[in-house]
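The chain contents come next:
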Amino acid sequence: MFEFISAWARLRNTMRKGPPPGFRREEWAYLIEFLSPENLSLPFQSMEPRYRYRPRGLVGVWLPNNVSLLGPLNLILLSLTGNRLTFKTGSAGGDLTSAFLQFALDAMEAGPLRDWLASHVSVATWGHDDLRNRELAESAQVRIVFGSDAAAEAVHRLGSVSGAECISFVDRHSEAWLSADSDVAELAKVFLIYGAAGCTSPRRVWLIGASRDEAIAFRERLLRVWPSGWEPTAFLSHQLARAYGWDSERALLVGTADLQVPPGNFVLPILYGSAADAVKALPANAQTIGYAGERPDLTGTSVVRVVPLARMHAFGHIWDGINFWLRCLECVEVQ
Amino acid sequence: MKPYAQRDDRGFLAEMIALTRHHLDACPEYSRIHPRWSDAGSVAELPYLHAGVFKHIVLRSSSEAGRVLESSSTTGNQPSRIVLDRSSSEHQQQSAQAILEDYLGPLRYPLLVLDQAASLRSRNVPARVAAAFSLQSLSTDMHFVLDDAGEIKREILDTADEFLVYGLTYLLWQNWRPTPDKRIHFVHSGGWKKMEALRIERVEFEQRLLDFSAPGSTVLDYYGLVEQPGVIYPLCRSGFRHVPVWADVLVRDPRSHALTEDAGQLQLMNTLARSAPYHSVLTEDVGCIKPGYCDCGRVGKRFELLGRLPQAELRGCANV
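Protein sequence lines correspond, in order, to chains A and B.
Mapping to the numbering used here: the first sequence position 10 is 10, numbers consecutive.
Mapping to the numbering used here: the second sequence position 73 is 73, numbers consecutive.
Heads up, some of the hints might be wrong.
[Claimed, not checked] Pair by pair, the computed Cβ-Cβ distance ranges are: (1) D130(A) to L306(B): 33 to 41 Å; (2) D297(A) to Q78(B): 52 to 60 Å; (3) P263(A) to Q6(B): 41 to 49 Å; (4) E214(A) to R255(B): 27 to 35 Å; (5) A314(A) to R255(B): 56 to 64 Å; (6) Q78(B) to P37(A): 46 to 54 Å; (7) L131(A) to Q116(B): 31 to 39 Å; (8) A284(A) to S137(B): 51 to 59 Å; (9) Q116(B) to C166(A): 44 to 52 Å; (10) E304(B) to N13(A): 45 to 53 Å.
[Claimed, not checked] Footprint (simulated), chain B over chain A, 3 or more residues, beta carbon under 8 Å: (11) 205-216; (12) 228-237.
Hint data in this document are derived by calculation from the structure and do not stem from the laboratory.
All residues carry an ideal CB built from backbone N, CA and C; glycine is no exception.
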């Protein structure tokens, strides 16, 4: 596996020449960073010396539509488990998994990783009702589903191999907890990659210890670094927000947690209050809190990730509190 | 009233300003959406609502209970709902009739509506039913001709040699059968998304209807929104859509919302809307204004309808 890590790292030399079609520059830059040997070595640190680990067999990964980097990131991480991999991509939207796999096969030097990618990985697209869903579910020793609650339930209801690992990454809510004088440029950068569409995207901002006036001033600073012009859904979100009682400027909303949030991918509510208020308002499916300044104490809540704001989207082998990478391996105790 | 003439622009602006002030006073959500507006020196300075607002909120500027007009097919899951009081309903009817009569002429025929009579019993009035009733005064009598199974009750066709037929575009494509000995004047609207999915273009659609019918038959397409009830834009023989004197159309750049002479996002306005603030609506449709004289002879502003705004691609992860 350490040969695989080295081979992935060497691929970055070619990747630095620029992304192939379909990838945005910032997505490509993130993949280059992800492929560092230091990062790819992290999963192995969760292994215990008294166990031997072996691949379970076949890992099936169900990816949702318009999923951006999830496919490539999982391809990279799961290649380090030695399992066969089948990715089922969404039937709508771009397929970056196939694009990245093909790029790797074309650009990588000959060697074990390239051979493994060519023989052990398949990527396909099919609809919900396709029989291949059942075939993959029934043959995979590990099933990993990224998507809605309903989609995950539907996959796991299909037949399974005895003892199969079933892992779901479903609807999650993330927030940014900042202070009234926090840097707005970092927040803009983190939010604008995916809007509110990512499970790790801040769906709202809490300004801890701030007043309403301070929240409005924070929003004014954010507007100065916000892209000019209306994103296609944002104007409707902005008008609905005002109708619902928010103070909205360009779909950046200031108000309280009891107000209805309008639909739209580029709407960002900014709430203000104490840390206790923010904890009390956490939904049951809270996943990531991105913070600036002092790390908040979220002991006793359902939050599974507390990271600096800039790291909110950083993907890894532990996700939603689950070491899904290790669960792709069988442990054999050797005394 | 004659829909196509040189408009009194100052009079139109004055009416729109008065309407805007009326809605700001009478509709709390509208005043929250536009808290700082006070006046306009031109129609471009009038505030506008995104058409999608009507899918989420039932806006009212009238204490009269009125009826609720509901869109039939939409992009997305929720229908738009427009409240019409008695006065707005009358204006809506009169407007649609005046516009359609300008295209269809003065003769009257039996009207066949490609819909089921059961649609009349909906709690909220489907917009397509309201559209059908706009044609009622241009007909001798009116019949809803789809049975419970969605098939046309063909016996009605034995009652005359010439008919007016109204239906949603895809329903006409799907349901209408040959009537080679009958002259038919088809009026249709909406449903183009389904036609695009079937890859059927306008020319093919119209030709088929004409091939099904006796010589002298006609096909009239019109563009209209439930968020602009009664103000419809039929396609003239030169391929343009003309703006009646009680309405206006602006084109805005989708990102900046600045007015543009290029293709852009259509903003539709009308002076008929008293029961709810649908007097100035930003649509998700794309078009461009075509200045100059139109060979069809109609006077006033005209535009070309070019399609829908492209939807932004969402790039995210598990939630999508």
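Evaluation of the provided hints:
1. D130(A) to L306(B): 33 to 41 Å: 36 Å, holds
2. D297(A) to Q78(B): 52 to 60 Å: 41 Å, violated
3. P263(A) to Q6(B): 41 to 49 Å: 42 Å, holds
4. E214(A) to R255(B): 27 to 35 Å: 30 Å, holds
5. A314(A) to R255(B): 56 to 64 Å: 31 Å, violated
6. Q78(B) to P37(A): 46 to 54 Å: 50 Å, holds
7. L131(A) to Q116(B): 31 to 39 Å: 37 Å, holds
8. A284(A) to S137(B): 51 to 59 Å: 57 Å, holds
9. Q116(B) to C166(A): 44 to 52 Å: 46 Å, holds
10. E304(B) to N13(A): 45 to 53 Å: 52 Å, holds
11. 205-216: violated (count 0)
12. 228-237: holds (count 8)
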